[in-house]
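2 protein chains.
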Amino acid sequence: MKLQNDLLIRAAKGEPVERTPVWLMRQAGRILPEYRAVRNQLSGFIELAKTPERAAEVTIQPVDILGVDAAIIFSDILVVPEAMGLPYEMIEKKGPFFPQTISTDADFKKLKKADVASDLGYVTEAIRLVKKELNGRVPLIGFAGAPWTIFCYMVEGHGSKTFSKARRMLYQDPMMADQLLQLITDSTIDYLKAQVAAGADIVQVFDSWAGILPPEQYKRYSLSSIQQICDAITEVPVTVFAKGAFSARQDMRHLNCETIGLDWCMDIQNSRRLIGENKTLQGNLDPCALYASDAEIEKATQHMLDQFGQSRHIANLGHGVYPDTKPEKVKVFINTVKAYSADLRAKAQV
Amino acid sequence: MKLQNDLLIRAAKGEPVERTPVWLMRQAGRILPEYRAVRNQLSGFIELAKTPERAAEVTIQPVDILGVDAAIIFSDILVVPEAMGLPYEMIEKKGPFFPQTISTDADFKKLKKADVASDLGYVTEAIRLVKKELNGRVPLIGFAGAPWTIFCYMVEGHGSKTFSKARRMLYQDPMMADQLLQLITDSTIDYLKAQVAAGADIVQVFDSWAGILPPEQYKRYSLSSIQQICDAITEVPVTVFAKGAFSARQDMRHLNCETIGLDWCMDIQNSRRLIGENKTLQGNLDPCALYASDAEIEKATQHMLDQFGQSRHIANLGHGVYPDTKPEKVKVFINTVKAYSADLRAKAQV
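So the protein sequences, as listed, match chains A and B. Sequential numbering of the first sequence, starting at 4, is according to the working numbering. Sequential numbering of the second sequence, starting at 4, is according to the working numbering.
Please keep in mind that the hints were generated in silico from the structure rather than gathered at the bench. A portion of the hints provided could be inaccurate.
Which copy is meant is left open, because identical chains are indistinguishable; a pair holds if it fits in one copy or across any two.
[Unchecked claim] DSSO-like mimics (lysine-lysine), calculated; alpha carbons at most 27 Å apart, straight line: (1) Lys-164 x Lys-96; (2) Lys-334 x Lys-116; (3) Lys-222 x Lys-332; (4) Lys-97 x Lys-168; (5) Lys-97 x Lys-196; (6) Lys-334 x Lys-113; (7) Lys-96 x Lys-53; (8) Lys-332 x Lys-302; (9) Lys-53 x Lys-134; (10) Lys-115 x Lys-134; (11) Lys-164 x Lys-196; (12) Lys-302 x Lys-222; (13) Lys-168 x Lys-302; (14) Lys-222 x Lys-164; (15) Lys-97 x Lys-164; (16) Lys-334 x Lys-168; (17) Lys-135 x Lys-53.
Generate coordinates for the entire structure from the input sequences, incorporating the hints supplied.
Structure representation (structure tokens):
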């Protein structure tokens with residue numbers, strides 16, 4: 004089905020757009036009362052993610068309520084390790100917790116490559132429902148965690164400031180680290196291909212813990228897996244968002260992907276120079292800017308748009324929207340992107 | 004008193020040294036059984052920091068046991084907000100916690116500039132004891148938190164992945180943020196001057212949460228306070244360690260300080276290019292490298308020394324040594340720095 008609003012896809016491919024497309028990481032969930040109403044009917048986050056009808060419902064909510072230019076499937080990056088044989092819990096206000104972790108060869112041998120059809124069918128089913136319901140209004144973004152980030156949770160077992168247990172394996176058992184990363188990478192490729200087959204119009208890889216590795220290790224243990232994913236996904240555009248990967252920006256210009264996400268601490272001009280002109284950049288307003296007055300949000304958003312310029316940009320925050328952000332403030336951001344970026348282009352044509 | 008081993012001071016000033024000096028952030032405490040023996044006699048971390056005789060004892064331990072080229076006074080960056088009127092607790096395995104935080108003007112008005120003589124005399128007393136006991140063997144490093152990092156804890160009340168409450172104030176009440184940062188800066192300058200008067204041979208400013216601000220906010224809300232501190236401390240060399248401040252490196256070349264610390268994720272060559280030749284660089288081995296075999300630690304340390312080159316470098320980890328690191332592994336790192344850096348210089352003279 005042809006998309007009615009394909010701004011995001013055109014911007015990703017570097018084609019001309021009438022205005023800058025805009026969406027928010029974590030737009031499905033957290034901040035919307037309509038989301039909390041759905042979630043409160045279920046036992047929690049994981050049950051919601053595993054119930055395709057409800058996952059589809061909360062995926063579409065921000066399209067209707069906020070007016071974003073894309074939906075992103077409501078799910079979680081940690082469904083992949085679960086499908087590999089490592090179940091997890093989501094502990095309210097604390098985050099994910101894996102009762103078992105990977106530290107020995109015996110632990111590793113218990114894992115399997117994710118069988119997407121049998122173990123992650125609830126995600127592809129939700130994608131099919133969303134596509135049907137959206138009926139071509141906006142594109143649907145599929146996603147997965149980068150193998151390094153998934154590795155962090157599988158070895159550490161929970162969030163951490165340093166992930167020193169996960170990083171320790173890179174020094175103590177680099178062979179096992181390579182094997183585990185490859186199994187995650189293979190699972191992730193199958194998973195993203197299934198999302199695309201189910202209807203995802205573009206996919207994003209989230210490397211949330213990119214910022215904790217020294218540059219040489221980042222290349223070897225993370226960028227190489229991301230490269231495999233980018234090379235494997237040929238049907239739709241790919242976006243790579245590696246939070247905190249300052250030192251890797253120059254290498255990311257060689258990734259076989261269309262879009263690179265910038266976090267809110269990355270300087271825009273410098274990132275463009277390092278990444279080059281052949282990628283679309285996505286981001287990167289400070290999520291805390293949405294705590295400001297409407298006038299200040301408009302100013303900050305316009306300043307961001309001025310810095311990115313009018314080509315090859317997808318507007319977003321530089322991090323997932325924070326849970327206590329007011330939806331009205333998100334709308335100010337979205338509406339400013341739409342109006343100001345259209346204005347800039349109209350002026351440029353005079 | 005003249006220092007017998009003044010390698011650290013000469014390296015900081017850019018003077019020639021026979022070999023690269025080496026010390027570790029968090030060397031006093033955590034990893035040494037001798038430290039835990041002292042600490043277990045007291046009620047906890049804060050009591051230890053406030054008991055000058057015992058603080059002095061654990062400050063000197065790593066000089067004797069590990070053979071580092073400097074002592075760093077055993078204390079905590081959060082003694083400054085406490086002296087400003089905001090007491091805190093150190094919760095085992097969780098970190099610092101402030102029962103009261105700063106969010107309104109009324110909260111701010113309750114604060115005062117720290118009275119160093121009356122409220123932080125235990126630190127200067129510990130410094131005097133250490134200096135007497137060290138008897139000129141190695142230099143003593145004094146330290147304080149950067150005002151932005153202290154601000155984070157005073158507003159947020161505890162550690163956080165995003166410090167979104169602290170960052171929110173920059174958008175919602177920049178005037179109060181400026182006032183609070185100035186009060187912290189003034190207190191910190193007095194505090195560091197008192198440390199120098201008591202005998203500190205060099206001081207380091209730790210900006211642990213430098214990495215969570217967008218570049219323009221980092222300049223305005225953090226670098227400006229650090230600059231005031233650097234300008235005020237004229238008696239001894241100053242080191243600035245701003246963890247995660249990737250985008251600020253070019254601006255840091257203009258700081259009125261001798262040494263810039265690099266974290267383990269900062270590329271060495273690129274950092275040297277951005278910071279310039281007129282600063283000493285300190286760091287930056289990945290603390291997780293000390294989990295490796297002795298041979299791998301030697302290799303990684305030599306690789307680091309090769310990258311920094313032979314002038315204007317102080318060897319260190321790129322982060323505080325992690326609590327579960329074995330002291331023998333720390334010794335491998337220290338001994339490799341000493342031997343290999345002396346060798347490199349000897350070879351260069353042939």
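Legend entry - Indices of hints not satisfied (ascending): Hints 2, 5, 6, 10 and 11 are the ones this structure does not satisfy, whereas the remaining hints hold.
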